[in-house]
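**Q** Top line first, the protein sequences correspond to chains A and B. Numbering of the first sequence is given in this note's numbering, commencing with residue 3 and proceeding in unit increments. Numbering of the second sequence is given in this note's numbering, commencing with residue 7 and proceeding in unit increments.
Simulated from the structure, these hints should not be mistaken for lab results. Think of the CB as a built atom: it goes at the ideal place given N, C-alpha and C, for glycine as much as any other residue. Treat each hint with caution, since some may be false.
[Stated by the list, open to error] Beta-carbon label-pair distances, calculated as ranges: (1) B:192 x A:193: 52 to 58 Å; (2) B:303 x A:190: 56 to 62 Å; (3) A:196 x B:234: 49 to 55 Å.
[Stated by the list, open to error] Covered stretches of chain A, as calculated for chain B (at least 3 residues, CB under 8 Å): (4) 52 to 60; (5) 69 to 81; (6) 88 to 101; (7) 137 to 147; (8) 260 to 270.
[Claimed, not checked] Residues from chain B that keep clear of chain A, each with C-beta distances beyond 12 Å, as calculated: (9) 185; (10) 269; (11) 274; (12) 285; (13) 293; (14) 314.
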Amino acid sequence: MREILYRDAICEALDEEMERDDRVLLLGEDVAFIGGNFKTSVGLYDKYGDLRVKDTPISEAGFVGMGTGMALTGLRPVIELMFSDFMLVAADQIINNAAKITYMSGGQVTVPMVIRTPIGAGRSSAAQHSQSMQAFAAHFPGMKVVVPSNAQEAKGLLKTAIRDDNPVLFFEHKMEYSNKYMIDDVVLPIPFGKANIVRQGTDVTIVATSSQVMKSVKAAELLEKDGISAEVIDLRTIVPMDRETIIQSVKKTGRLLVVDEAYERCGIGAEIGADVMDDVFYYLEAPIARIGTPNVSLPFSPALEFPLIPTVEKTVEKVRKMMK
Amino acid sequence: METKYSKKHLLSLYEIMYKMRRFEEEVFEFYKKGMMPGLAHLYLGEEAVATGVCAALKEDDYIGSTHRGHGHLVARGADLGKMMAEILGKATGYSKGKGGSMHIMAMDKGILGANGIVGGEIPIATGAAYSAKYRMTDQIAVSFFGDSATNEGTFHESINMAAAWNLPIIYVIENNLYGISVDIRDVTNTANLADRALGYGIPGVVVDGMDVLAVQKAAEEAAERARSGNGPTLIECKTYRWQGHHVGDPAVYRERKDSNEKASWMERCPVACFRDQILSMKITEKEVAKIEDAVEAEVQAAVKFAEESPYPDPAEAYTDLFSDL
Chain A
3 MREILYRDAI
13 CEALDEEMER
23 DDRVLLLGED
33 VAFIGGNFKT
43 SVGLYDKYGD
53 LRVKDTPISE
63 AGFVGMGTGM
73 ALTGLRPVIE
83 LMFSDFMLVA
93 ADQIINNAAK
103 ITYMSGGQVT
113 VPMVIRTPIG
123 AGRSSAAQHS
133 QSMQAFAAHF
143 PGMKVVVPSN
153 AQEAKGLLKT
163 AIRDDNPVLF
173 FEHKMEYSNK
183 YMIDDVVLPI
193 PFGKANIVRQ
203 GTDVTIVATS
213 SQVMKSVKAA
223 ELLEKDGISA
233 EVIDLRTIVP
243 MDRETIIQSV
253 KKTGRLLVVD
263 EAYERCGIGA
273 EIGADVMDDV
283 FYYLEAPIAR
293 IGTPNVSLPF
303 SPALEFPLIP
313 TVEKTVEKVR
323 KMMK
Chain B
7 METKYSKKHL
17 LSLYEIMYKM
27 RRFEEEVFEF
37 YKKGMMPGLA
47 HLYLGEEAVA
57 TGVCAALKED
67 DYIGSTHRGH
77 GHLVARGADL
87 GKMMAEILGK
97 ATGYSKGKGG
107 SMHIMAMDKG
117 ILGANGIVGG
127 EIPIATGAAY
137 SAKYRMTDQI
147 AVSFFGDSAT
157 NEGTFHESIN
167 MAAAWNLPII
177 YVIENNLYGI
187 SVDIRDVTNT
197 ANLADRALGY
207 GIPGVVVDGM
217 DVLAVQKAAE
227 EAAERARSGN
237 GPTLIECKTY
247 RWQGHHVGDP
257 AVYRERKDSN
267 EKASWMERCP
277 VACFRDQILS
287 MKITEKEVAK
297 IEDAVEAEVQ
307 AAVKFAEESP
317 YPDPAEAYTD
327 LFSDL
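For reference, chain B alone in the conformation it holds in the complex (with noise of 0.2 Å):
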């Protein structure tokens, strides 16, 4: 296969994906462990989504993420063990225990905050757009949510506004079918949720959420008519998340309507056709094993920082309410 990028970024997409997979795995683990306080919403099976679209941004780009957010964060370099510090309640991580896998938030790698309302981050990403433009910089905002936000008020009225006034941001659905229970199929009239950009006047791109380098083509594109000032662009990736809403959500409503929907998904695994596909273009066996175990080592590293740290003194909770106080 051809491609225009080089062996070097290549590399860097697999690193990305294989690294969101191992840190999930792990966060599976303590969850069923038991060591996981509250919820985990796994992104497993989504990871092309996000590596594909961070590929194609800035060091200073704004990113608004969601409740399923954990792919976002390792898209941007966020670090491993602060965010299983943060997953597992401790005071090390990245919000001191107090946001948790729902909301973390890495403000220095421009995560505006992972957010537990669905479509509460849409318009708050569309402010740093605001933001953006009107301090002059070349930065731009990407917002990630999940088919359902696409029925929340705030994604109509926040790409509204973006169209309106031409504000450099790219919107980019993570459709993976299923709000909880409710598939997307049976709430929405609309063949692709893409189509919706045609009501606000912007492009509406559909793209194979499970092909890394499909998403970053959309997303270079999206990046370039937002930073040349012509506005945002609204992504469909098309994709699916391999386990339930959250971990320990059975999932049965996906065999409603096919008995092998969800096989026939992790047959087109992301990070496993990644690797396959770049093992077909000069890359060895060696280098993707190098690759391998050198997230292995910094998951490992993750996992044990998380552990060893402490629990966060419960005088904490007064603290951080006011930025003065």
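With the rest of the complex left out, here is chain A (with noise of 0.2 Å):
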């Protein structure tokens, strides 16, 4: 084991899979030179050169584009879009085209792209820097969606994203990059669809993504002085959903809350809940819960940005609520 910061652990996956092969190549703006503007791609530039790793102009639906033109021709990009509020700007790209190609062409090809970008609030970036764009990403069909939590998780999850045939967009959480974890010495590839029980629990179920999952795993400690024992799992990609994880610890728990940062209106905790709902509704003992971020647009001030943010304190109150 051995300690390292969740950006630099971004930055060995990289770096790992350009030097296992040669096809995969690192885009986006500012990703060269200086590394990336959340400097996850420190040095990646002065190893393997400027065709590899460039930089390009502030055109996201040219240079997203330009990345399924090289998927389709023999490529593996990873494209860099620096906040995950650009997705917008490139939407037609993703969504029309990289995630249906591969359908639209009956299978004659496949589109080995991933699409990097950060999520989260709490940096005072206000309402076009702060977003969590998860839930947005999965609804359409054809893309997969991963939300890592910490630092192995990240560097395991991405090296399967990168190897994946198929468009994924990773979600890497921005207050996350400066954060320190312990990791294995060598991170294998994490495989898509398969959730993570971090904590076990047999009261309460709490499906979390991203930074939720840490923060959750912090409730339930704070929760087990209460005697209240919560099981935490790590959703680790929404698309694919492991369902079967998350039905059989609610047929154990009896109550299940979401925790997912993204706007909570027709979000994840939405979802899930409703598929708890269609097959294991006779083993709820309280109605399903979830927390997200409420239906307003991220506000600049700390004083109005932090209370709308998921935190650990919030999950605590709704669990304790759930057990009454």
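Fit chain to chain and form the complex, with the hints in mind.
**A** What follows is the structure, encoded as structure tokens:
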């Protein structure tokens, strides 16, 4: 084991995959010379050169679309969008093109492309730089959607994403980049569609994504002091989703809370909640609960922003209410 | 008339243009009979463009195509039966009936997909050019699109990057004057759309899109430039679509400025004019007729194949979403 920053774990995954496979290349705004806006590709430009680690102009639709063209012709591009909010500038190329071409071609081609992009609020970045776009991405068919939690998960899941033959939306949490984690000396690829039970419990199932996984574990530790045993599941991938692990857990605990930082409306919580209602309604001992970002645009002032973000305290409070 | 091209080459150009024409006349028939689902955006009248451009390419070059893409596929030698089957939504089509007329993909012919989004394929073709450069192959890409796509952001973003990075690509504007009903001259303030190349520091070439040899010549120069590492060229082919935006569009907007507009363009039919042209160049009527008969047989076989093919099983709707699921 060794200690590493989340951002460096991302960089290691990129480096190791580029070293392993010369079809892998990295494109995006500021990814080359300065090593990325969040410093997730430091050193790669020097190591792999200008054609393989490419600073693009600020042309999101253009360079995402180019990624699809590269993927169709034998390369495995990793595209960085500086903020997940900018997905919308490139939405046609992501949703109408990259995600649909395999299907529209009747399976003639695949699009092995990864789009890496940060999500999350908490930096006073206001309404256009703070959103969590994972639920939006998951709505459309044809893309895999990955929400890694800690550094080990980010590294292992990114390696899988790069090796996957399909378009993968890979959402890094911007508040995690500077956090330190202990990871294995060698991190193996983590398969998609297999949720991780990070903490066993018997009273309530907390399904969490991204940085909410670590917050949920902290919440579970606090709840234990009250005698409440919470099981925490790191969802890892929203598409494909490991419904089976969630269902089995809810059968055991009888309670479900979903914590995902994206807007709560039409979000992951509603999706998983409806699934659980379908399959194991009669096992439920309390109404299904969810925590997300309320349906307002994210404000600038910390005084306004902070209360909207899902926190350890909100999770503890919600579970206590569910146990009554 | 003198030409550097061989008799064989001239006959092959005619064969391709005639094939596009006859193929789409059959598509038109299917549409009128109610046998074709969806929309048919026909290439009728624009045959010289795809034929001339593709004549300058090698087998493994890439093509980005559009919602009006039948001509591009025929020019690349795509299978007419699989094309027609796709247009009818049959299981034997190029995309197993999942793409239809607007999305026919023939990767084996370097077709990166016909695209239903105006301007949608331009960055994709540009990425293929980057890929060719990265892999150090001798391949180039061609991006076909209409006049209206030149007002999409993807056009400007793609050309800017291709120019900055000397990518091996040719951008071909098929200027047929209209974006659905809107006259390009009413929404754009440049005499020629190719003038936009100036802003990106690349050559912009205007060519008569009704003259297949003129198009081929321009494409050959652009291909040479691309292959030798000197970057992209923007070629504007002045052409005209005979039908409306799609079959069923009466195209009443055409008569607003010039009641003779359609007739005057149709007089310059690229297929008929080229036929006359080659007959004046020691090619005999018999040789041309032989090609026409062979094309007719191929088109009829495609029609028969498509008609007799089964529709896909409804369960097929759930396959091909991901490569591994």
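**Q** Broken hints, numbered, in rising order?
**A** 8
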